[in-house]
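Once you have looked at the hints, place chain B with the ligand on chain A.
Now for the letters of each chain:
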Amino acid sequence: MALSLMEGNEAIVRGAIFAGCRFFAGYPITPATTIFNAMLKLLPPLGGVCLQGEDEIASIGCCLGASMAGLKAMTATSGPGISLYSENISFAIGSEIPVVIVDVQRLGPSTGSATRGADGDINFLRWGNSGGLPAVVLAPVDVKDCFLLTIQAFNLAEELRCPVFIASNKEIGMTRESIDIDVIKKPEIIERAAPPPHEPFLPFSVPSGGQVPHFLPIGDKRLVRQTSSTHGADGYITTDPDEISKTLKRLKTKLLSTVDRYSFHEAHFKENADTLLLTYGVTARAALDVFKKQNKSGKPISLLILKTLWPVPENLIREKAAQAKRVVVVEMNLGQYVREIERILPEKKIDFCGQMDGRLITPSRISEVVDHA
Amino acid sequence: MPSLLNTSRPPVFCPGCAHDRILHALDKTFQNMGLAGHQTVIVSDIGCSGLFDTFFHTHALHGLHGRALTYATGLKMARPELQVIVTMGDGGLGIGGAHLLAACRRNLDITLLILNNFNFGMTGGQFSATTPAEAQVGSDFLNRMEKPLDICRVTSSAGAAYVARSSAYQKDLAQKIESAFRFDGFAVLDIWGVCPGRYTKRNRLTPQTIDKSLAKLPPADGPVDANTRKEYGRHYRELAADCKQAAPLLKIEAIFDPPDSVRQEVILLGNAGQRIITAGEILCLAGLTAGLRVTQKNEYNITVMRGHSISEIILSPHEIGYTGIERPTVILALSQEGVDRRVRIFNRLDSDTMIIKGRGIDLPSCNAEIHQVDFKKQGVKAVNRALAALAVLAKLNKIIHIEMLQAALETKFKGKILAAALNLVREVEIDL
Ligand code: SF4
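In order, the protein sequences belong to chains A and B. If you count by our numbering, then the first sequence holds residues 1 to 373, one letter each, in order. If you count by our numbering, then the second sequence holds residues 1001 to 1432, one letter each, in order.
Hints listed in this document are in silico derivations from the structure and should not be mistaken for laboratory results. Warning: the hint list may mix true and false statements.
Claimed, not checked - Residues on chain B that point at chain A, a partial pick, calculated with CB under 10 angstroms:
(1) Thr-1058
(2) Leu-1069
(3) Ile-1320
Said to hold, decoys possible - Distance condition first, Cα-Cα at most 30 angstroms in a straight line; then the derived BS3-like pairs of lysine-lysine:
(4) A:Lys-41 x B:Lys-1230
(5) B:Lys-1398 x A:Lys-296
(6) B:Lys-1244 x A:Lys-185
(7) A:Lys-41 x B:Lys-1244
(8) A:Lys-186 x B:Lys-1251
(9) A:Lys-293 x A:Lys-325
Just so you know, even glycine gets a beta-carbon here, dropped at the ideal spot from N, CA and C.
Okay, chain A solo, but in the shape it has when bound (with noise of 0.2 angstroms):
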């Protein structure tokens, strides 16, 4: 056995450089700068290209331009910068840009503490974006989903044309950890879909039986039209209100219809336990001892990780919680995404669990919470 010692922030570097990633546009922040520099020294000698953007909004369009010339293109910050790549990513949805946004959150509000782990900005990478649409969000527990989960955001950007966020944290990023990238299995890797050759294309037309418009870069010898304009399948503005709103709907139904398809989760079903334990993130790492000491002792609880936030895997949690009585939400934020488990659950007795100080919330924490029923 040989492992590597590999804070999250670099295995996910490595995750999108095996995915494909040939383009990187960042602006320095902590915790999240750490990507930047690893780019910087991996992709070049590759043919790939690393910039530093003259701020957030310069570094997302870029990625943007990068992704519709062909590139497989990613960008992180945290918190300060997800803010001001707001009006990109509602490009990138309405547009359906394929793109990875790493989002290594810091303690906020606004600013708040650069080297303060926390998840607070989990509600915020869901509706950021002007017009409401969802986006595809994943939440790394450690160093190997880091790396793992970076190779399926491609894939899901590539195959479902749109923006898919790592929900990482300070104290994943940052936090170095002991790992064998060899033995990871990893997926097969997914390119976007170009249309059939020699055929007229519409740049946002659907093949029949399909949800996502077909791929061409621009550059190509069929020409690309691109637009943040509301369009149709010309990439042409529109003002036809049936048009709109079927590309609209459909820009909603083709995430929220295959999320069964990558519910990625972790789920530790016990017997008789009355009590699942429901979290996220780097507390899924304190919910795992507190789930090993509530089974010795005798206690049992069942706990569920999900690794992907949004949309919501509301067929997996459903089926995680039907045994359950009760669902202790556990959150490094003062209660984001226990609203949605109230919301999928309503018959269940939720209670929640949530800290934001800067520190990890420490299993004895959870422990409290889960044995106050």
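Chain B with the ligand alone, transformed into the frame defined by chain A:
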């Protein structure tokens, strides 16, 4: 070459709009240069000039207000062979000011056509970054206090290698656009025109007055000698070609047995400049040589070389869950600032915890087993104290042993640095 105008989508500008002239001049440039639509992309910004892409049969990207240059940058870096044209009004220029300056400094081969008509046409004639203070605009008196910006002066002082001014009514506009196209680098063309829909309703501006105003300005007609340099994309690829392949990922084989096979938690309490984080990493690497799982979590100030520096390491024969430390096996107390930062942990400690502390550091009272090292007397400099503390740990056969530490140092360092580190490890002594 045929015209690239999109005959099924004729221009929709107000009658007499200067944009219409620029549109036809641009098409003439395409024809004169023999450019085909698929060799060209128009990246349009916001406002009336933001419609430009729809009137041509070229590749097109229309995005958010002020950001056209950012998309163009990504496109051009990804596809250097494309002719990339950005159309932008004086509105987009203002809102995307940072991108304009960056594009000038970068010198990527993009042509920026600024359709400068001194106001925001589409939103109702509000003042822009180029509106004269005496103009009557849709923002009431607000433009009167602001000085309009001279695009050519700003862009040339920002480093643009090609800067030219023109009137939309010049006969040779197509040639002017062509020379901007042909320039190998970032080329800015500031094209003045009228906006009859908004601006000239209340202000007198004609092709003649534009000519007069232009004549009064310092000339700007092409390459800026002081800014002449390599095109960014080519330069980037040259420099990137010289970048060394990154070293392969370091993998460490498990070749030792650890002194103990239980979970161990170590806290290094020190200062910036004591190489606390590096020592933490070495401890982790030492753990890997014995096949242990490890995590390292660091805490330090964002300022460099000053303030506390703390590293928390867990080593375990099993997968590690929670990465925080509540009851450490070992604390290495190397600076007062570091200790003060974590005072709260000490009163929880019992005799299961071992503390190795530098002489002169005050610890809160606690029940831990304490070993003291007089680093100063042994001539160990501040930068080496964290490593020296690891050596003490290894000599006590606690968590790591000396071979693990030596093997870790051998993976991390080479040559003289390695020799010095190994020497330090050999010589450091535990005070009794
Ligand atoms: S508002 Fe002004 S810039 Fe816009 S089309 Fe009319 S004249 Fe041209």
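Quick rundown of the hints versus the structure:
no.: 1; hint: Thr-1058; verdict: holds (7 angstroms)
no.: 2; hint: Leu-1069; verdict: holds (8 angstroms)
no.: 3; hint: Ile-1320; verdict: holds (7 angstroms)
no.: 4; hint: A:Lys-41 x B:Lys-1230; verdict: holds (23 angstroms)
no.: 5; hint: B:Lys-1398 x A:Lys-296; verdict: holds (29 angstroms)
no.: 6; hint: B:Lys-1244 x A:Lys-185; verdict: holds (29 angstroms)
no.: 7; hint: A:Lys-41 x B:Lys-1244; verdict: holds (9 angstroms)
no.: 8; hint: A:Lys-186 x B:Lys-1251; verdict: holds (19 angstroms)
no.: 9; hint: A:Lys-293 x A:Lys-325; verdict: holds (20 angstroms)
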